[in-house]
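As they're listed, the protein sequences go chains A and B.
Going by my numbering, the first residue of the first sequence is number 1, and it counts up by one from there.
Going by my numbering, the first residue of the second sequence is number 1, and it counts up by one from there.
Just so you know, not all the hints are guaranteed correct.
In the BS3-like style, the derived pairs of lysine-lysine whose C-alpha atoms are separated by at most 25 Å in a straight line are [as the list claims (entries may be wrong)]: (1) A/Lys195 / A/Lys24; (2) B/Lys476 / A/Lys195; (3) A/Lys214 / A/Lys195; (4) A/Lys165 / B/Lys476; (5) A/Lys138 / A/Lys165; (6) A/Lys138 / A/Lys195.
These aren't lab readings, by the way, just hints derived from the structure by calculation.
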Amino acid sequence: MDFSDLSDEDLWLQMQDDLYDGMKEEVAAETREALTRGFSPQEVLGQGLVAGMDIVGVDFRDGVLFVPEVLMAANAMKAGMEILRPLLAETGAERIGTMIIGTVKGDIHDIGKNLVAMMMEGAGFEVINLGINNDADKFLEAIKTHQPDIIGMSALLTTTMPYMKVVIDALGEEGLRDTLYVMVGGAPVTETFAKAVGADAYGRDAAVAVELAKAYMAKRRAA
Amino acid sequence: MQPITYNLPVYDLLTVEGVARVHNMSMRILRELGIDFYDDEARDILRAHGADVRGDTVFFDEELLLKYVGMAPSQFTQLARNPQNNVNIGGNNMVFAPVYGCPFVQDRDGGRREATLRDFQNFVKLAYMSPYIHHSGGTVVEPTDEPVATRHLDMLLSHITYSDKAFMGSVTSGNNAADSVAIAEIVFGAERIREHPALLSLINVSSPRRFDDRMLACIKVYARARQAMIITPFILAGAMGPTSVAGTVAQLNAEALAGIALCQMINPGTPVVYGSFLSTIDLQSGAPTFGTPESQTALYISAQMARHYNLPFRGGGAFSSSKQPDAQAGYESVMVMIPTVMARTNFVLHAAGWLENGLVSGYEKFVLDCEILGMLHTWARGVDLSDEAFAMDAFAEVPPGGHFLGTAHTMRHFRDAFYRAELFDYNSAEQWELNGGHDTYDRASARVKQLLASYEAPALDAGVAQRLHEFVAQRKAAIAVEPRDF
Numbered sequence: 001m002d003f004s005d006l007s008d009e010d011l012w013l014q015m016q017d018d019l020y021d022g023m024k025e026e027v028a029a030e031t032r033e034a035l036t037r038g039f040s041p042q043e044v045l046g047q048g049l050v051a052g053m054d055i056v057g058v059d060f061r062d063g064v065l066f067v068p069e070v071l072m073a074a075n076a077m078k079a080g081m082e083i084l085r086p087l088l089a090e091t092g093a094e095r096i097g098t099m100i101i102g103t104v105k106g107d108i109h110d111i112g113k114n115l116v117a118m119m120m121e122g123a124g125f126e127v128i129n130l131g132i133n134n135d136a137d138k139f140l141e142a143i144k145t146h147q148p149d150i151i152g153m154s155a156l157l158t159t160t161m162p163y164m165k166v167v168i169d170a171l172g173e174e175g176l177r178d179t180l181y182v183m184v185g186g187a188p189v190t191e192t193f194a195k196a197v198g199a200d201a202y203g204r205d206a207a208v209a210v211e212l213a214k215a216y217m218a219k220r221r222a223a
Numbered sequence: 001m002q003p004i005t006y007n008l009p010v011y012d013l014l015t016v017e018g019v020a021r022v023h024n025m026s027m028r029i030l031r032e033l034g035i036d037f038y039d040d041e042a043r044d045i046l047r048a049h050g051a052d053v054r055g056d057t058v059f060f061d062e063e064l065l066l067k068y069v070g071m072a073p074s075q076f077t078q079l080a081r082n083p084q085n086n087v088n089i090g091g092n093n094m095v096f097a098p099v100y101g102c103p104f105v106q107d108r109d110g111g112r113r114e115a116t117l118r119d120f121q122n123f124v125k126l127a128y129m130s131p132y133i134h135h136s137g138g139t140v141v142e143p144t145d146e147p148v149a150t151r152h153l154d155m156l157l158s159h160i161t162y163s164d165k166a167f168m169g170s171v172t173s174g175n176n177a178a179d180s181v182a183i184a185e186i187v188f189g190a191e192r193i194r195e196h197p198a199l200l201s202l203i204n205v206s207s208p209r210r211f212d213d214r215m216l217a218c219i220k221v222y223a224r225a226r227q228a229m230i231i232t233p234f235i236l237a238g239a240m241g242p243t244s245v246a247g248t249v250a251q252l253n254a255e256a257l258a259g260i261a262l263c264q265m266i267n268p269g270t271p272v273v274y275g276s277f278l279s280t281i282d283l284q285s286g287a288p289t290f291g292t293p294e295s296q297t298a299l300y301i302s303a304q305m306a307r308h309y310n311l312p313f314r315g316g317g318a319f320s321s322s323k324q325p326d327a328q329a330g331y332e333s334v335m336v337m338i339p340t341v342m343a344r345t346n347f348v349l350h351a352a353g354w355l356e357n358g359l360v361s362g363y364e365k366f367v368l369d370c371e372i373l374g375m376l377h378t379w380a381r382g383v384d385l386s387d388e389a390f391a392m393d394a395f396a397e398v399p400p401g402g403h404f405l406g407t408a409h410t411m412r413h414f415r416d417a418f419y420r421a422e423l424f425d426y427n428s429a430e431q432w433e434l435n436g437g438h439d440t441y442d443r444a445s446a447r448v449k450q451l452l453a454s455y456e457a458p459a460l461d462a463g464v465a466q467r468l469h470e471f472v473a474q475r476k477a478a479i480a481v482e483p484r485d486f
């Protein structure tokens, strides 16, 4: 892939287009090209990746893009982020955020949770997807390993929903609760339930979950 | 209760060759890709009976699979507390059961809210009072005000106390399934339920291609106690299956047959129902969609596959994504219920009450669905071609241009000649306005109140009732001291 004849402006546009079209290898190559040209990781993130995903987000919301297209775009975003993330960390730039997400113990239903993980990656978050059937210890272990900003828990079954409280209580016992933003979701989950178990937020769908996560990170950076 | 038998031609959507192609694809999935079973003992059983087990994944060859599927009865009788309400499952029989599993309820006056045990009991009462609902169902709503660990006991006790129709067992854990069997033994007798099942329980496959530990624990308990199960893959095509009807049906067929074979390996002859819960997602938003044309095609084909293996079939229901009993709810529900009947579905879970993709049991929706079920009863009965039905004596009485309102034939039949919907309005516009200009939602709301106010509980033997309450109290006390993390 040769981008040498593209102006800087055209490179950003090409990057946004390729992101929109879910072209993972192209987006990775363009990310490297922009870095080679001397742009800071922060600039590449803002003018290339985030600008592209903003268009994806709007078109998804407006019913232009379909879920499989958003998935491809999110994968392309992830490919770009994998290159940028270590550089952003080195420069001490503000982090977009890290999330640990999993379905709670006893529950193996994870389609919705995977959709949330995908949308979060599309928004630039680093997502550690613990998969299904996670007990409190698994969440605690992953928190210690990955130092996330956000914990996401999901359940489809009314019989497994109460386990979210077990995890939240365990976070409290370990002294981790106050530094983490706890988000819950799943078909039977409600705002009321989220409050009752002591979660910080309830994401009624994937797009709302991403908005909540972004708002939290912005607030945290401002604090 | 009015039992329903299907006397019309069964709608076979596929040719014989089409059925063979679905079958062959399912066999390929089972042979080359396998199905995951998240239970050590279940995999040991499968291995001991000749399946190829590698890690969690179990591979079946066609001969082995069909040998065990062939041991399942093509028809069976489920016992009800009132023997007149026993239900035959299979053949030309159709059984309509209420909605299942909803954490919320909805009605006109109270809106959408979390379901309670009281709601559970109300829906059991409504199902008991409808002549068109043949079964008390299972988790008609999820009683979220009761502790998770003991909820199943309250639900079973409510089915038995407030209805005398057949009911479903708990599938939330192996222990809860064992409690269900113990309760059925108290009500029906331990030996009797081994001859005819008293429980019919809903085993879901967590598609694609996996049975979870809870469901497998329940399969083991129920198969050993010879209680009936519905093995139902739950597939929203596009997410849990491919975006094509043929592929999704082949997947469903493979998953259902694998579960049915396991039941027969555990206890040959265990009554099972081939289940299909197959709808689509909106690929634009990711939301589940019901009443879509593709899901109806898939329903017809899965019913046809069940007939191919000579197994009773479960599928369909009064599905909708709507939030209230409005036009969308009515259209979508009927769009599914007609194929459900024309596919000759033997057990129709969710035949009444379903709203909002199954998250909500709707009170008014329930009684409105029952109205449609009544019409479907009449329709499924088929056409009477007797001399009396051809009414020669009526023609002889009425001259050209005359009317039939006063003939002897009319006098013999007028009361039940045509189905009369109680919740639909047949008045003139003026009369309708004079009556208050109510829509179906209003009328259904009044109907729910009237039904619940006039409910009378069926008789329950005092000795049985006492033993049941003792059992429930003893189990609740035991569960209270069991180690549990929530």
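A quick look at each hint next to the structure:
1. Among the hinted pairs, lysine 195 of chain A with lysine 24 of chain A is inconsistent with the structure: their alpha-carbon atoms are about 39 Å apart, more than 25 Å.
2. Distance check on the hinted pair: lysine 476 of chain B and lysine 195 of chain A sit about 28 Å apart at the alpha-carbon level, beyond 25 Å; violated.
3. The hinted pair formed by lysine 214 of chain A and lysine 195 of chain A meets the criterion: a straight-line CA distance of about 20 Å does not exceed 25 Å.
4. Annotation: proposed proximity of lysine 165 of chain A to lysine 476 of chain B holds, straight-line Cα distance about 22 Å (limit 25 Å).
5. At most 25 Å may separate the alpha-carbon atoms for a hinted pair to count; lysine 138 of chain A and lysine 165 of chain A meet this at roughly 15 Å.
6. Between lysine 138 of chain A and lysine 195 of chain A the CA atoms are separated by roughly 23 Å; this keeps the pair inside 25 Å, and the hint holds.
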